[in-house]
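Engineer: Sequence:
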Amino acid sequence: MASQKLTEYERQRVENIKRNAEMVAALKLHSKAATLSAATAKRHRTKTYKTSPEKKPKTETPIVIRRSLRTRGMPPDSKGLPDDFSDNFDKTPKSVSVIKPQSPRVLGPISMVDAFSGDGETESNKMLVGTILSIAKETQVGVSVKDVNDEIFSEKGALGSCKSEGFESLGTEKVDESLSGKRKLVKGVVKNEYLDSLVKIEKSDQWLESLDLKPENVARLLPGRIMVVKFFPCSSVRMIAAGNKFGNIAFWNVDSNNEKEDGIYLYRPHTGPISGILIHQHSMSKIYSSCYDGFIRLMDAEKEVFDLVHSCDDTIFSLSQQPNNSETLYFAEGRGGLKVWDIRTGKSSKNWMLHEDRINTINFNSQNPNIMATSSTDGTACIWDLRSMSGHKLKTLKTVSHSRAVHSAYFSPSGSSLATTSLDNKVGIISGVNFEDACMIYHDNWTGRWLSSFRGIWGWDDSYIFIGNMKRGVDVISPSQKRTVMTLQSPEMSAIPCRFDAHPYEIGMLAGATSGGQVYLWTPC
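The sequence shown: position 211 = 211 (my numbering), numbered continuously.
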């Protein structure tokens, strides 16, 4: 009877509701919405640094009741002004000195506790110092290196030329168990004589295709733009150091299990953009950093202090060391100048003018540390032989010209090639026995003023170059194919990666830093 009272419009409406309910039930939208809601609630929390706001001490201002001498029953002050008041008033301006504002730069050592930014500075600082000192005492070349060095590498190559036999390719097959606990066949072994390390590389692209970015390997280490990112050259602990444009240096212990700290420790030893961080594998407790403020500081974990090594009025744009020499610093100072600093004497041993504009990077050939490459804003990248650089007659072994500023020039792991990155949207590959072969590969390097410039780095052999792109990805360039062969992308990447570093002991472990302070750590599956 009730259905007879419905109009034609109402019956059509009831049928539509019933049909829609059946469609929703068939698509299982309610169950999927519940699953999505539960997944969103359990979403992984991004690691980030912690800073404590400046606590101002509470001062209780006493209530002052002003009462005259008359009400207090005291006689008036009859001394009055002195007779020579006018004469003394004229002389006072000569004795008054204008208080000059103090410079924020500290011309001396800074304790790590004072430079620490965050809560619980004493406890957190001790935790980081303990970690650095522990990995500095361990053997940094892996357990199997010493066992196989004597058997495999009985002869060392000569170093008379850039292309030496320091890197030896072996045809023996070995098993690499370092990649996520999986056994993979390795057909090539590369030995770096100066870094005293053994790097095993599989001659296939499977490891490259398996690179993955996990949510727990994403962290915001610093406020603002990251200028430098570096791995600690050790195999026992995954540790990353990064510096930003505000003078902060952050350390990220990726393997930390401390939920309170997330393994991130933030310091501010400088007052300007960080231009270089050096972590030498033979002295990892001593970390050098340079800054645009003209300072070079040494973070000594044993003394728990950021000591002042060098200060100048000019800007320091880059910092580097030879792989076989931890007692000498090479840094770019001012417009085109390069200084050699002897750490033992605390003095500059050499000073050269190599370019017409600032030097952005300084890099040494791993097979012949006397061969040095520099990149400059003057549009050139040059290769130098330190043995022939005497007096004012400086001659390059090779000059690579670009139409815009060159932001980086890095030698390949074998030392036989050089990769340059320029603002003219080119990645240059210079190779050959005498670096006579050059090719330019197109790549969009125009980052603008709000992002750090792109700097392409080599991977773990001469096969690939890794560089960021403007679509929040990592382009993989093949020098042999002269093109981009792959792009690493992930939904976990929310910003454009600009600066990179490849782990010297873990194949496939790549760190990328952004202008928002994030660091992404790619690892093989």
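Please keep in mind that the hints were generated in silico from the structure rather than gathered at the bench. Warning: the hint list may mix true and false statements.
[To be verified] In the DSS-like style, the derived pairs of lysine-lysine whose C-alpha atoms are separated by at most 27 Å in a straight line are: (1) Lys-286 to Lys-230; (2) Lys-339 to Lys-350; (3) Lys-398 to Lys-426; (4) Lys-286 to Lys-303; (5) Lys-350 to Lys-426; (6) Lys-32 to Lys-18; (7) Lys-5 to Lys-18; (8) Lys-303 to Lys-126.
[As the list claims (entries may be wrong)] Cβ-Cβ distance ranges computed for the label pairs, FRET-style: (9) Asp-342 to Gln-206: 42 to 48 Å; (10) Thr-122 to Thr-48: 31 to 37 Å; (11) Glu-15 to Asp-212: 45 to 51 Å; (12) Glu-302 to Ser-388: 47 to 53 Å; (13) Glu-304 to Val-485: 18 to 24 Å; (14) Ser-111 to Ser-348: 47 to 53 Å; (15) Ala-21 to Val-485: 46 to 52 Å; (16) Thr-122 to Cys-312: 55 to 61 Å; (17) Asn-434 to Gly-130: 46 to 52 Å; (18) Ser-326 to Thr-35: 52 to 58 Å; (19) Lys-137 to Asp-212: 21 to 27 Å.
The beta-carbon is built from N, C-alpha and C at its ideal position, and this holds for glycine as well.
Engineer: Compare the structure with each hint and give your call.
Structural biologist: Structure-based check of all given hints:
1. Restraint check for Lys-286 and Lys-230: satisfied, since their Cα atoms lie roughly 14 Å apart, inside the 27 Å limit.
2. As the CA atoms of Lys-339 and Lys-350 are separated by approximately 6 Å, the hinted pair is consistent with the 27 Å bound.
3. Of the pairs offered as hints, the one joining Lys-398 and Lys-426 holds, with about 18 Å between alpha carbons and a cut-off of 27 Å not exceeded.
4. A threshold of 27 Å between alpha carbons decides the hint, and for Lys-286 with Lys-303 the separation of about 10 Å falls inside it, so the pair holds.
5. Distance check on the hinted pair: Lys-350 and Lys-426 sit about 33 Å apart at the alpha-carbon level, beyond 27 Å; violated.
6. Restraint check: the Cα-Cα separation between Lys-32 and Lys-18 comes to about 20 Å, which is no more than 27 Å; the hinted pair holds.
7. Restraint check for Lys-5 and Lys-18: satisfied, since their Cα atoms lie roughly 19 Å apart, inside the 27 Å limit.
8. Only pairs whose Cα atoms come within 27 Å are accepted, and Lys-303 paired with Lys-126 is accepted, the gap being roughly 11 Å.
9. A C-beta distance of roughly 46 Å is found between Asp-342 and Gln-206, which places it inside the suggested range of 42 to 48 Å.
10. In this structure the supplied range 31 to 37 Å is violated for Thr-122 paired with Thr-48, their Cβ-Cβ distance being about 21 Å.
11. A hinted range of 45 to 51 Å for the beta carbons of Glu-15 and Asp-212 is consistent with their spacing of about 50 Å.
12. A C-beta distance of roughly 39 Å is found between Glu-302 and Ser-388, which places it outside the suggested range of 47 to 53 Å.
13. Evaluation of the 18 to 24 Å hint for Glu-304 and Val-485 yields a failure: the beta carbon distance comes to about 46 Å.
14. Checking the proposed 47 to 53 Å range against Ser-111 and Ser-348 shows it is violated: the Cβ atoms sit about 27 Å from each other.
15. Between Ala-21 and Val-485 the CB atoms are about 51 Å apart, so this pair conforms to the stated range of 46 to 52 Å.
16. Between Thr-122 and Cys-312 the CB atoms are about 33 Å apart, so this pair departs from the stated range of 55 to 61 Å.
17. A beta carbon spacing of about 49 Å between Asn-434 and Gly-130 agrees with the range 46 to 52 Å that was offered as a hint.
18. A beta carbon spacing of about 55 Å between Ser-326 and Thr-35 agrees with the range 52 to 58 Å that was offered as a hint.
19. As the Cβ distance of Lys-137 to Asp-212 is approximately 32 Å, the hint placing it in 21 to 27 Å is violated.
Hint violations for this structure: numbers 5, 10, 12, 13, 14, 16 and 19, all remaining hints satisfied.
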